[in-house]
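Please model the complete structure; the sequences and the hints are all you need to start from.
Residue numbers (my numbering), protein chains in the order written: chain H, 1 to 92; chain E, 93 to 702.
Since the hints were made in silico from the structure, they are not lab data. Mixed in with the good hints, there may be bad ones.
[Unchecked claim] Straight-line alpha carbon distances no greater than 27 Å define the calculated BS3-like cross-link-like pairs of lysine-lysine that follow:
| # | chain 1 | residue 1 | chain 2 | residue 2 |
| --- | --- | --- | --- | --- |
| 1 | H | LYS58 | E | LYS314 |
| 2 | E | LYS321 | E | LYS239 |
| 3 | H | LYS71 | E | LYS321 |
| 4 | H | LYS71 | H | LYS59 |
| 5 | E | LYS350 | H | LYS59 |
| 6 | H | LYS58 | E | LYS321 |
| 7 | E | LYS350 | E | LYS686 |
| 8 | H | LYS58 | E | LYS242 |
[Said to hold, decoys possible] Derived, one-sided and incomplete: chain H residues facing chain E with beta-carbon distance under 10 Å:
| # | residue |
| --- | --- |
| 9 | GLY9 |
| 10 | ARG40 |
| 11 | TYR41 |
| 12 | SER43 |
| 13 | GLU47 |
| 14 | GLN48 |
| 15 | ASP55 |
| 16 | LYS58 |
| 17 | GLN60 |
| 18 | VAL69 |
| 19 | LEU73 |
| 20 | MET86 |
| 21 | LEU87 |
| 22 | MET88 |
| 23 | GLY91 |
Yeah, the Cβ is synthetic: ideal placement off N, Cα and C, and Gly gets one too.
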Amino acid sequence: MMITAHFHGILTDWVGTPSAVFDLPAGATFADLMQAIGGRYRSNMPEQLWDDNTDSFKKQVRAQGAAKVYKDLAMPLEKGEDITFMLMIAGG
Amino acid sequence: MQGYHGRFLEVDLNTKTTTDFPLSEDFCKDYIGGATMAAALVFDRVKAGTDPLAPENAMVMATGPFTGTSLPMVSRYAIGGLSPLTGFWGEATSGGVFPFRLKGAGWDGIIITGKAASPVYLYLNNGQAEIRDAGHLWGKDSYETQKLIKEERGNDKAGVACIGPAGEKLIRYACVINDRGRAAGRCGFGALMGSKNLKAVVAAGNTRPESADAGKVSELAKQAVKDIKGNLVSVALSEYGTLMYMDMGMVLGDTPAKYFTSNVFPVSEVTGQALRQNYTVANYACRGCPIGCGRELKNFKPDLDIDGPEYETTVGFGPLCLNTDFDTIIEANHICNCHGIDTISAGVSVAYAFYLYEQGVLTKDQVGIELNWGDGRAVVDLVQKIVDQEGIGVLLSKGVLAMARELGRDEGEAAQVKGLEMPMHEGRAFHGLAVSYATGPRGACHLKGPYYDVDLGNMVLEYMILPSDRLVSAGKGEPAAKFQSFKDLFDALTLCKFAPLQVPQLCDMLNALTGWNFGPEELLAAGDRSINIKRAVSNRFGLTRDHDILPKICLDALDEGTTAGVAPDMEVMLREYYQYRGWDWATGRPTRDKLVELGLNQVAEDFYPQ
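Written out as structure tokens, the structure reads:
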């Protein structure tokens with residue numbers, strides 16, 4: 001199934017693209033998407049953005065699906081879903 | 093005493109004399125340093141009814157126990173006194189090299205009273221103080237002033253904090269500038285310096301107090317640098333400055349637009365990314381900071397390197413005026429820096445002028461130009477009129493509360509709290525921030541209790557300050573009060589608000605420097621004491637609970653964006669806040685019991701004589 005990931009704000013620079021499409025097997029979970037993103041873009045990212053223990057973005061990155069927030073790596077993905085990744089940090 | 097010089101310098105400009113004011117260890121333990129110590133000194137010295145611009149108003153410049161040490165992100169200082177803008181307690185802080193030099197000059201701070209007969213500057217160097225003529229500097233802008241003084245002293249490393257022409261003209265939100273374009277921006281201390289004919293404070297030397305455990309301080313410093321560098325926010329700040337937040341602020345409805353009547357704006361043209369793409373950007377770091385969130389723009393114009401705008405300034409002259417022209421935002425910022433005015437108060441005042449123009453209250457005849465939302469050139473023109481004190485600029489230079497009053501408008505239209513203009517974060521987007529704004533010790537202040545940090549996940553476990561639904565009010569009053577106390581301590585210690593350090597680290601650092609035994613409880617109590625001594629100064633000058641409000645224009649629910657239809661419940665949060673603080677709901681003053689509990693016995697005697 002095709003999943004589209006959008007990277008918001010400065011994540012566009014840090015990941016290296018504003019969006020990307022991933023072809024994942026049916027039944028794939030959020031962890032599979034994270035692994036795919038890491039595999040393709042990890043080398044672009046500042047090391048502080050990625051949690052090597054969980055092989056996913058650090059907790060400050062929010063993954064917003066059409067109707068839910070992906071908080072748990074075990075959550076199943078919806079076919080054809082668009083997920084926007086946003087850096088939930090503030091300041092200034 | 094360790095960690096402190098144990099003395100302030102008292103400067104009487106009436107007589108051009110200086111004396112030492114010794115600090116006891118108990119006084120340092122109670123008030124730590126920085127803005128908190130300044131408040132205690134002001135409470136002792138400034139009588140009720142004193143005009144903020146009168147010679148009797150004391151201006152305190154203070155460092156803290158962290159300043160000038162090997163700890164990272166601590167080269168900061170605070171200015172405190174009665175605010176020329178608000179008439180209540182005021183404070184402003186700045187970083188750079190100047191604070192490091194100020195501590196190195198041999199005092200923990202300076203208390204300045206009186207008024208010099210002609211312009212002067214104060215020169216401090218390794219325990220020696222001189223009051224020198226500044227007639228040749230009067231009228232010079234802040235950049236030129238710093239350059240000339242360094243040349244005159246033959247010391248390029250000297251720290252200079254000075255006013256520009258705006259301070260000399262007593263503009264109510266004039267600021268104090270150091271290290272090129274760093275500003276102790278808020279509350280109008282540039283006007284206070286101007287009223288004293290004090291053009292600059294210059295600090296040199298490398299006199300450092302002893303630490304109780306220098307080895308431990310060094311160890312803690314190394315760990316802190318590691319923690320800071322490993323923090324994601326630090327990376328974002330380093331790469332994009334505070335503008336890293338612009339995209340997210342708009343998504344969250346936290347970035348105001350169109351004079352607080354909207355939070356929807358095409359933000360992509362004024363982000364940190366846009367700045368990097370369109371200008372030659374270099375980082376500026378305060379001394380000892382591994383982040384470097386400051387921006388310098390190289391060759392903005394031929395042979396002109398200038399300081400880049402940070403988030404607050406960009407929003408004030410940008411989205412708040414619906415302006416997407418970055419050139420004009422940068423230009424307006426530069427005018428403010430040269431003349432020395434607060435970009436937040438200026439930005440809000442300019443945006444209010446656009447709003448009033450749209451309402452038909454201000455006309456082209458009055459303003460001299462048309463004010464159509466989004467016109468960047470008009471933004472620059474208005475800022476220039478403010479600093480030149482020309483035409484409508486005179487009214488705009490008084491701030492939005494005075495503007496509303498003079499124009500006969502509803503005060504709820506003036507985006508301010510206690511006379512201090514609102515910063516560029518929305519209380520409607522983070523309800524904990526709304527109650528922080530309403531009760532902030534200097535008025536609307538995003539630095540004392542930036543609750544967006546909490547609700548985006550930065551909890552303070554020691555004080556049970558935990559993230560929750562940002563658009564819910566109930567239950568926010570107490571954690572907001574605690575967070576306000578905690579963040580207030582940063583300006584006492586002194587520590588940059590961006591330092592991602594934990595409570596136990598701060599206790600360890602303070603203890604290693606001083607030999608004390610502060611734990612999380614003592615630290616929070618010091619923060620509570622700090623908020624209360626500042627409150628007491630303002631109470632003395634007429635502050636009541638009626639002043640703990642948000643203006644209607646910043647409170648009414650918006651009809652678009654991610655906060656549409658939601659407004660903070662101020663009464664609920666204020667009651668919780670007052671309960672935690674031990675403040676009297678009827679008067680807005682700390683109760684006698686609370687004052688005694690915090691050891692503020694002199695305040696208790698003054699407020700509740702027995």
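Evaluation of the provided hints:
The hinted pair formed by LYS58 of chain H and LYS314 of chain E meets the criterion: a straight-line CA distance of about 24 Å does not exceed 27 Å. Distance hint between LYS321 of chain E and LYS239 of chain E is unfulfilled; the C-alpha atoms sit about 33 Å from each other, more than 27 Å. For a cut-off of 27 Å, the pair hint linking LYS71 of chain H to LYS321 of chain E stands: about 26 Å separates their Cα positions. Restraint check for LYS71 of chain H and LYS59 of chain H: the C-alpha separation of about 9 Å stays at or below 27 Å, so the hint holds.
Straight-line distance between C-alpha atoms of LYS350 of chain E and LYS59 of chain H comes to about 33 Å, which puts the hinted pair past the 27 Å bound. Between the alpha carbons of LYS58 of chain H and LYS321 of chain E the distance comes to roughly 15 Å, so the proposed pair stays at or under 27 Å and holds. A threshold of 27 Å between alpha carbons decides the hint, and for LYS350 of chain E with LYS686 of chain E the separation of about 42 Å lies outside it, so the pair is violated. A C-alpha spacing of about 46 Å is found between LYS58 of chain H and LYS242 of chain E, which places the hinted pair above 27 Å, so the restraint is violated.
Proximity of GLY9 of chain H to chain E holds as hinted, the smallest CB-CB distance being about 3 Å (cut-off 10 Å). This hint is violated: ARG40 of chain H has a C-beta 20 Å from the nearest C-beta of chain E, more than the 10 Å allowed. With a least beta-carbon distance of about 16 Å to chain E, the hint placing TYR41 of chain H at the interface is violated under the 10 Å criterion. About 16 Å separates the beta-carbon of SER43 of chain H from the nearest beta-carbon of chain E, more than 10 Å, and the hint is not met.
Contact between GLU47 of chain H and chain E, as hinted, is supported at the beta carbon level, the nearest pair being about 8 Å apart and thus within 10 Å. Hint status for GLN48 of chain H relative to chain E: holds, with the closest Cβ pair at about 5 Å, below 10 Å. The beta carbon of ASP55 of chain H is not positioned within 10 Å of any beta carbon in chain E (closest approach about 17 Å), and the interface hint is therefore violated. At a threshold of 10 Å, the smallest CB-CB gap from LYS58 of chain H to chain E is about 6 Å, leaving the interface hint in force.
Nearest Cβ of chain E to the Cβ of GLN60 of chain H: about 5 Å, under the 10 Å cut. The hint holds. Because the smallest distance between the Cβ of VAL69 of chain H and any Cβ of chain E comes to about 13 Å, over 10 Å, the interface hint for this residue is violated. Restraint check, LEU73 of chain H versus chain E: the minimum CB separation of about 17 Å is more than 10 Å; hint violated. A least Cβ separation of about 6 Å between MET86 of chain H and chain E falls short of the 10 Å threshold, and the interface hint therefore holds.
Because the smallest distance between the Cβ of LEU87 of chain H and any Cβ of chain E comes to about 6 Å, under 10 Å, the interface hint for this residue holds. A distance limit of 10 Å between C-beta atoms decides the matter here; for MET88 of chain H the minimum to chain E is near 5 Å, and the interface restraint holds. Contact between GLY91 of chain H and chain E, as hinted, is supported at the beta carbon level, the nearest pair being about 5 Å apart and thus within 10 Å.
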